[in-house]
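Chemist: Spelled out, the chains give:
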Amino acid sequence: MELLWLVPALPLLGFALLTLARRLVRGVAALIGVGSIGLSMLVTLWIAYSFLVSPPQSGAASDTVWSWIALGDFRVSVAFYLDSFSLVMILVITIVGFFIHLYSAGYMEGDDGFARFFAYMNLFTASMLILVLADNLLLLLVGWEGVGLCSYLLIGFWYRDPANARAAVKAFVVTRTGDAAMLVGFLLLFTSLGTLNIQDLLSKAVSQWPSGSGIAIAAAALILAGALGKSAQLPLQTWLPDAMAGPTPVSALIHAATMVTAGVYLVARTHAIFALAPPVQLAVGIIGVATLLIAGFSAITQRDIKRVLAYSTMSQIGYMFLALGVGAWGAALFHFVTHAFFKSLLFLAAGSVILAMHHEQDLLKMGGLWKRAPVAFWTFLVGALAMAAVPPLISGFSSKDWILSWVWSSPAGGPVLYVLALLGVLLTATYTARLVTLAFFGRERDVPEHVHPGGALIAVPLIVLAVPALFLGLIQTPRSLGGVNLFASFVQGVLPEPGAEGPPSTELLLMAVSTLVALAGLVLGWALGVSQARAHLARREAEPAGSPLHRFLLSGWGFDWLYDRAIVGPYRWLARINQSDVADWIARGFAALSRLLNRLLSLAQTGRLRWYATALGIGAVAIVAMVVFL
Amino acid sequence: MSSEQILALLPILVTSAASVVVMLLVALKRSHGLVFGVTVGSLLVALAAIGSSVSVMPQAVSSLLIMDRFALLYIGLILAATLAVALLSYAYLESRAERREEYYILLLLAAAGSEVLAAAGSYVSFFLGLEILSISLYGLVAYRRQTPLGIEAGVKYLILAGASSGFILFGMALIYAEQGSLQFAALAAAKGSSFDVVSLVGFALIVVGVGFKLAVVPFHLWTPDVYQGAPAPVTAFVATVSKGAMFALLLRYFIQLDLYQYGAVVLVFGIIAALSILAGNILGLLQNNVKRMLAYSSIAHVGYLLVALLASGPLAVSSVTFYLIAYFITNLGAFGVVGYLSSGEREAEEIDDYRGLAWRRPWVAGALTASLLSLAGIPLTAGFIGKFFIIAAGAGSRLWALLIILVVGSVVSFFYYFRLVLAIFREPDAGAQVPYPSASLAGGIALSVLTLLLVWLGVYPAPLVNLLGGMTSGLL
Numbered sequence: 003m004e005l006l007w008l009v010p011a012l013p014l015l016g017f018a019l020l021t022l023a024r025r026l027v028r029g030v031a032a033l034i035g036v037g038s039i040g041l042s043m044l045v046t047l048w049i050a051y052s053f054l055v056s057p058p059q060s061g062a063a064s065d066t067v068w069s070w071i072a073l074g075d076f077r078v079s080v081a082f083y084l085d086s087f088s089l090v091m092i093l094v095i096t097i098v099g100f101f102i103h104l105y106s107a108g109y110m111e112g113d114d115g116f117a118r119f120f121a122y123m124n125l126f127t128a129s130m131l132i133l134v135l136a137d138n139l140l141l142l143l144v145g146w147e148g149v150g151l152c153s154y155l156l157i158g159f160w161y162r163d164p165a166n167a168r169a170a171v172k173a174f175v176v177t178r179t180g181d182a183a184m185l186v187g188f189l190l191l192f193t194s195l196g197t198l199n200i201q202d203l204l205s206k207a208v209s210q211w212p213s214g215s216g217i218a219i220a221a222a223a224l225i226l227a228g229a230l231g232k233s234a235q236l237p238l239q240t241w242l243p244d245a246m247a248g249p250t251p252v253s254a255l256i257h258a259a260t261m262v263t264a265g266v267y268l269v270a271r272t273h274a275i276f277a278l279a280p281p282v283q284l285a286v287g288i289i290g291v292a293t294l295l296i297a298g299f300s301a302i303t304q305r306d307i308k309r310v311l312a313y314s315t316m317s318q319i320g321y322m323f324l325a326l327g328v329g330a331w332g333a334a335l336f337h338f339v340t341h342a343f344f345k346s347l348l349f350l351a352a353g354s355v356i357l358a359m360h361h362e363q364d365l366l367k368m369g370g371l372w373k374r375a376p377v378a379f380w381t382f383l384v385g386a387l388a389m390a391a392v393p394p395l396i397s398g399f400s401s402k403d404w405i406l407s408w409v410w411s412s413p414a415g416g417p418v419l420y421v422l423a424l425l426g427v428l429l430t431a432t433y434t435a436r437l438v439t440l441a442f443f444g445r446e447r448d449v450p451e452h453v454h455p456g457g458a459l460i461a462v463p464l465i466v467l468a469v470p471a472l473f474l475g476l477i478q479t480p481r482s483l484g485g486v487n488l489f490a491s492f493v494q495g496v497l498p499e500p501g502a503e504g505p506p507s508t509e510l511l512l513m514a515v516s517t518l519v520a521l522a523g524l525v526l527g528w529a530l531g532v533s534q535a536r537a538h539l540a541r542r543e544a545e546p547a548g549s550p551l552h553r554f555l556l557s558g559w560g561f562d563w564l565y566d567r568a569i570v571g572p573y574r575w576l577a578r579i580n581q582s583d584v585a586d587w588i589a590r591g592f593a594a595l596s597r598l599l600n601r602l603l604s605l606a607q608t609g610r611l612r613w614y615a616t617a618l619g620i621g622a623v624a625i626v627a628m629v630v631f632l
Numbered sequence: 006m007s008s009e010q011i012l013a014l015l016p017i018l019v020t021s022a023a024s025v026v027v028m029l030l031v032a033l034k035r036s037h038g039l040v041f042g043v044t045v046g047s048l049l050v051a052l053a054a055i056g057s058s059v060s061v062m063p064q065a066v067s068s069l070l071i072m073d074r075f076a077l078l079y080i081g082l083i084l085a086a087t088l089a090v091a092l093l094s095y096a097y098l099e100s101r102a103e104r105r106e107e108y109y110i111l112l113l114l115a116a117a118g119s120e121v122l123a124a125a126g127s128y129v130s131f132f133l134g135l136e137i138l139s140i141s142l143y144g145l146v147a148y149r150r151q152t153p154l155g156i157e158a159g160v161k162y163l164i165l166a167g168a169s170s171g172f173i174l175f176g177m178a179l180i181y182a183e184q185g186s187l188q189f190a191a192l193a194a195a196k197g198s199s200f201d202v203v204s205l206v207g208f209a210l211i212v213v214g215v216g217f218k219l220a221v222v223p224f225h226l227w228t229p230d231v232y233q234g235a236p237a238p239v240t241a242f243v244a245t246v247s248k249g250a251m252f253a254l255l256l257r258y259f260i261q262l263d264l265y266q267y268g269a270v271v272l273v274f275g276i277i278a279a280l281s282i283l284a285g286n287i288l289g290l291l292q293n294n295v296k297r298m299l300a301y302s303s304i305a306h307v308g309y310l311l312v313a314l315l316a317s318g319p320l321a322v323s324s325v326t327f328y329l330i331a332y333f334i335t336n337l338g339a340f341g342v343v344g345y346l347s348s349g350e351r352e353a354e355e356i357d358d359y360r361g362l363a364w365r366r367p368w369v370a371g372a373l374t375a376s377l378l379s380l381a382g383i384p385l386t387a388g389f390i391g392k393f394f395i396i397a398a399g400a401g402s403r404l405w406a407l408l409i410i411l412v413v414g415s416v417v418s419f420f421y422y423f424r425l426v427l428a429i430f431r432e433p434d435a436g437a438q439v440p441y442p443s444a445s446l447a448g449g450i451a452l453s454v455l456t457l458l459l460v461w462l463g464v465y466p467a468p469l470v471n472l473l474g475g476m477t478s479g480l481l
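The listed protein sequences derive, respectively, from chains A and B. In this text, residue positions in the first sequence follow my numbering: the first is 3, and each later residue adds one. In this text, residue positions in the second sequence follow my numbering: the first is 6, and each later residue adds one.
The following block holds chain A by itself, in its conformation from the complex (with noise of 0.2 Å):
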């Protein structure tokens, strides 16, 4: 595990590179860029090998690589600390990076700011891999933020137009918000428990905080507005659609690799504090199902292909949160695993097939692509099918069966978690095969004459990833299906299942009552999307009007228009009419009050010297007295 430094380091170094350095050429830019994270993906898998064959004695290394601020009790270190759970996280970002920014040095290949980008995507990878190996809260933050300052770095990449550069001011201070409320959050943890070390903190919470009292709720719901604005879930999703403004890669690593995972690494590393507080797990169940409901709902209308693929980000964020909330914390891992890879995949192809369209992402002027972009049509089924989690090689359903049995059979769970995750199955097949169907099938309505979906380093990484996408599941499967249990037992010292298992046949009706549901949403979508294609041939240009029910579906039930309303607009009245409030009095007062301090004291500074011997001599007489008198 010495090792383990070098994993972050390695693309921190890459940035370094990348920004010192000035006008690289393209090719040595991106072995810097693709290169450190590959090496850094090599060090994770041997540090990955050696944590398999020889397990640490109590399941878990912890690396200091120094301490920064020591200060008797107080400690300040960089210190990586490596579990089952943290090294799951490090072999999927590093992984997954990879090969997304193997398929940015093709896909970025001709724009300006080439060197730019993959420092931004170095730093990225590099804060999301601090984020998950930190072992106190301090250093956790600093991956946090860099997480955060990175996504607003690239979603805003191409900054020349005004809407990009909104988008990334929307998802900072979207994301924020949450902040703000974790920062508070890990406050009170570190006045209460007196540590920043995370295991330290979480065994004294513990062992200090009874179940259910006030501190461990106010903790744990502190922690969870942080977690929910990084993971856009309800009521913070709102910028995710938008951050599609960034490159296509870019989308890939926020969705599958970094980003919006981070929220779910969070809840489920400290989950013993979420476990000593019922009410607010239950909340993180009931966001979890409400979000993943409302962005399936959305889903289905998009036309942009884009933000088909964001709704459905937060939609399997939405299990992953559901997962939490019944406590089936491996479940939960499980799926982020599954759902990286799928969902870097989804993103990647849809990249190729924007490449095809010359930069059109409209659903609607697609279709027939199947034949013209092969390669990306192959792809992007597999993830498709991953995604709508049809069985059963495919790797999206071993991971959603899991979680769905847990929603059934955990005691925080019950029936009416399931029937409305069985919902969002059906949601998700349908959406998914609407978008297959529009893109990749039909004739061809708007496809221009020369499609270029990409050359070798857009295709192989597709290829690559297409292969865990299709057969992760393997490592996980429902007991009916071989049961085989790797990836649980592996996990389970640090992520402990909620309960016992439910009998198997009640697994096998459950597995049975899904898949039936998932093929009915992809007939749905199919018939959706064929009825779509052919209404927009018949009227072409025209616009279609669509009922109030599809505008507000389409504008993902229309959070944005209540948030202007309800927030955004309230804010900037509030501070229009608020231009001269008490803050900025005293704000002001403070300057006025520093700049008349700094007007009478520069008077003394008359730069003649009998002024200034007149000054010692009353200096000298003035601490005379002071020390004789007093």
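It is possible that some hints are incorrect.
For each label pair, taking beta carbons as the anchor points, the in silico distance ranges come out as [as the list claims (entries may be wrong)]:
{"id": "1", "chain 1": "A", "residue 1": "Arg168", "chain 2": "B", "residue 2": "Trp461", "range": "37 to 47 Å"}
{"id": "2", "chain 1": "B", "residue 1": "Gly46", "chain 2": "A", "residue 2": "Leu5", "range": "36 to 46 Å"}
{"id": "3", "chain 1": "B", "residue 1": "Asp434", "chain 2": "A", "residue 2": "Asp163", "range": "25 to 35 Å"}
{"id": "4", "chain 1": "A", "residue 1": "Gly112", "chain 2": "B", "residue 2": "Asp434", "range": "27 to 37 Å"}
Just so you know, the hints here were simulated from the structure itself, not pulled from any lab data. We put the CB at the ideal spot given by N, CA and C, even for glycine.
Based on the hints, put chain B in the right spot on chain A.
Modeler: Chain B in isolation, oriented as in the chain A frame:
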């Protein structure tokens, strides 16, 4: 004198000898390169000599000098800082037409005087060191004698420093008349639970002189004028080495005589610290001249240092020393950049001279930005760690009032530090751009090392903190 004593004294001996050698060299042949080489070489030898001195310490050399770990650490700091100043001076002087060589004689002498101050164990060596330092500085400050500002600065410094030396001398006389000894150790042994009035007055007069050298309120008025008039590398020397040596002496004196038990003394220093923090930062606020701005900032920084000094206890000495080291590196870096961008004819001292520096000289801009961030105490710089330790030491001794003033002062200081940072990163003026002299190797090396150290101490301070912990335990 035994061989061990000579060994212990080696760094000071090497520095003094070097000044003589350089003087003879100048008499024989004027060669800037040669003189510079000898100066740098002898400073390196003096630094290396500290290694051999460590083996024989602690060593009292006569009753005047005490070569212990504390003294050696400060001597090392003084020598390293002088080395940096010498490196930064080379290109600055090279662009001047005449009389470049005598500068190094004065620089070496000033360093020797500072070393004596750091090792002083008696009033005699205190005064000797102070005068060697001051008299060399008169010449250095007035080195730009073609310009009226340079002469003005030199004369102001000469007269005021002379007056303050008079205060110190009179104070010493009073104390000697009352106590009958000039040794710090003897005074510490003889003193009762309180001083008599005559000794107190003597002590107060010494404080006046020390306060002048440290440029604390109310003895700070000369600072901006002298800092502005002196050549930029000399300003760096005045701000760092001359103050650092005086602070070393003050620290030793304070602890040896355990002045913490005298309420009036602590109160006087507390008031001086508070006034220096506030006045320094407020005066810097609207300053458009970078050298004057840094002068005011240095007044405030000495105020911070006094806070740590007043926070007695084990943390005080190491936090003072850490802060002083961070202050040395940071100010050498900041004034170093000013000198680096100045030529013999023209000092780059107006804030407009720095506008767009980031686009014209990105590495130099990086060094200056790092220095300014460190002065402001932003994390990942040495200045942050230094301020953190000062606040920790102050909180440990419950100096809440002083800490609040420190925080307020720091907030005020952000304004003028970031004003300069803002200027650095603005688009350069399309029209008239200030010409910068061409890059110099020696100065570039000095600036790079300083910037690296600044970040290194901010990221990985543990080794230095441990070193200081070991060093100061000997003093207490």
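Chemist: The structure should be examined with respect to each hint, and the outcome stated for every one.
Modeler: Cross-check of the supplied hints:
1. Range check, Arg168/A to Trp461/B: about 40 Å between beta-carbon atoms, so the 37 to 47 Å window is met.
2. Between Gly46/B and Leu5/A the beta carbons are some 43 Å apart, a value that agrees with the proposed interval 36 to 46 Å.
3. The hinted range of 25 to 35 Å is satisfied by Asp434/B and Asp163/A, whose Cβ atoms lie roughly 29 Å apart.
4. A beta carbon spacing of about 34 Å between Gly112/A and Asp434/B agrees with the range 27 to 37 Å that was offered as a hint.
Going through the hint list in order, the structure satisfies each hint without exception.
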